[in-house]
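Just so you know, the sequences run in chain order A and B. So in our numbering, spot 185 of the first sequence is number 185, and the numbers just go up one at a time. So in our numbering, spot 124 of the second sequence is number 124, and the numbers just go up one at a time.
None of these hints come from the bench; they were simulated from the model. Don't take each hint at face value.
Copies of one chain are not kept apart here, so a pair can be met inside one copy or by any two copies together.
As the list claims (entries may be wrong) - Restricting the straight-line Cα-Cα distance to at most 27 Å, the calculated cross-link-like pairs of lysine-lysine (DSS-like) are:
hint, residue 1, residue 2
1, Lys151, Lys313
2, Lys266, Lys153
3, Lys194, Lys250
4, Lys170, Lys151
5, Lys250, Lys153
6, Lys168, Lys19
Quick caveat, the model's predicted, so the values are computed rather than measured.
Protein chains: 2
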Amino acid sequence: MKLSLMYSYLNTDLAIIEKELEASIKGNHPVLQQAGLHLLQSGGKRLRPVFVLLGGKFGDYDINVIKNVAVTLELIHTASLVHDDVIDDADLRRGKPTIKAKWDNKIAMYAGDYILGSSLEIITKLPNPLLHKLLAHTIVEVCLGEIEQIKDKYRFDQNLRCYLRRIKRKTALLIASSCQLGAVAADVPTEVHKKLFLYGYYVGMAFQITDDILDFTGTDEQLGKPAGSDLMQGNITLPVLYAMKNESLKQQIVQVSERTTAAEIKPLITAIKQSDAIKQAEALSNRYLEKAYKILGELPACRARNTLYNVAKYIGKRKF
Amino acid sequence: MKLSLMYSYLNTDLAIIEKELEASIKGNHPVLQQAGLHLLQSGGKRLRPVFVLLGGKFGDYDINVIKNVAVTLELIHTASLVHDDVIDDADLRRGKPTIKAKWDNKIAMYAGDYILGSSLEIITKLPNPLLHKLLAHTIVEVCLGEIEQIKDKYRFDQNLRCYLRRIKRKTALLIASSCQLGAVAADVPTEVHKKLFLYGYYVGMAFQITDDILDFTGTDEQLGKPAGSDLMQGNITLPVLYAMKNESLKQQIVQVSERTTAAEIKPLITAIKQSDAIKQAEALSNRYLEKAYKILGELPACRARNTLYNVAKYIGKRKF
């Protein structure tokens, strides 16, 4: 089943959110088109707004209130993508940046700041202090995750805990907050919105682990970039950590550096793909999904709960 | 009179704020030391916290409440300095960035994000929705100012309005917000905190214009960088705009580009310094200060009002 068909009953509300997203970045600043591009590129999926709306369905759902939470979380996600781009751009042009390339990066940095600022301006339409508190904490953690991701590049002595903490901050927390803050804005009782947070956290962890697996198993066409890009860029993901339990693979992996070429790394990517590492990573993703199903069982039965169940199932099976 | 002596009665409270500032960026993340450096470098002045405290003195002053506003505004200021550094670093190393230099810039970008996030986490300790709303709007405007500053570099066809809008966003708004939000946190009546905002805005405009004048009239030692650095980096400030009314100066100014060397620009800096432009810029700064004095006259008489008067007077006379 296609992901978007699972929540087609949210389509009217998602269309409202889409319009507000467009309006929020249009403004009168031409430089923000770069940021706008990002919003359009990731268009359609809108995972975070979907989670916000589904969280809201557990309580007093009012689209005119909840849309502000959905737009805010999608904008925060977008801002982080724009800043990630600054990092990636710099790498792609390593050693030979053009003035124009650097100019764009500077603009991108401030554009990211601007989008983050805009998201805050939208959320302040809602006077709920808990909302602001949880959101501010999430932003701090996401930023720490970004710093860690750079710090941990090419650090082959990192352990599983290090990886899990990083993807928690990088991905899972924003999904968890989407589920929770949608519920908070709908005045859902504390014990319910805390469980929705946990559901989002587990699903977010499985989502990122699956992403990291697909970077090895996907085709270049499916991924829109060469398979193995993560390792090539020094990002040590779960399959790599598991593969390093094999002494021969470990020997090859620790050789990877900023000077490694795509051609040089290809045999290693194939070896990791054919090792047990992928299966082990899938097993951990499945354990997180099991936890997500379990916590859903403790939530009030409703249509949104069924959808959350299906979304979790989809994430476990997606191929790209 | 030394600036800090004007508000020595705030010293105990400023010491509390200093401690909270240190604690807020220490954390357990070594990469944040770079950001910490910035806080220490600008140490002592703490203009924004001073304005916050003075704003608060017009109402129900509680240091345990108001310190959060002061720390938040100083952190937002710091975050913007850290991001400005990314821009400046890149320029200094134009054409030949080292891996290390780029690495630092990436970390600096995320460190700025982190500091901004931390500031939000602190302000959410206060449940006042107006505070959050005004603050979010200020952040958006400051970001727009940063984008504009890059966009407007080397754009010699810009007019006075363009410059004024830019320094409003870049400097004056954060000072205006400091005065106002300190007052809002102390439950000052609307008509009073709006006037405090205006006072801060006028003083902030005069402050930045003075800064832009000093970039021409200060010695290299006073400035800690070569005089004329602004124009050298393509920043068109008020003295430059006034100097361009002189056709011969204009001819030279529009030749300035990214390829202009320090030696080449020196005679031009001297010519601008000796022209009427400096006096004209001082006159505009004084007009803003007059407006600041006038609005102070409409505020309730109190010790804080006297201090705000003295601070404005100091800003008009400072030599570096």
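Each hint, compared with the structure:
no., hint, result
1, Lys151 / Lys313, "neither (33 Å within a copy, 47 Å between copies)"
2, Lys266 / Lys153, "within (19 Å within a copy, 44 Å between copies)"
3, Lys194 / Lys250, "neither (40 Å within a copy, 64 Å between copies)"
4, Lys170 / Lys151, "within (13 Å within a copy, 31 Å between copies)"
5, Lys250 / Lys153, "within (16 Å within a copy, 50 Å between copies)"
6, Lys168 / Lys19, "neither (30 Å within a copy, 31 Å between copies)"
In summary, the numbered hints that this structure violates are 1, 3, 6.
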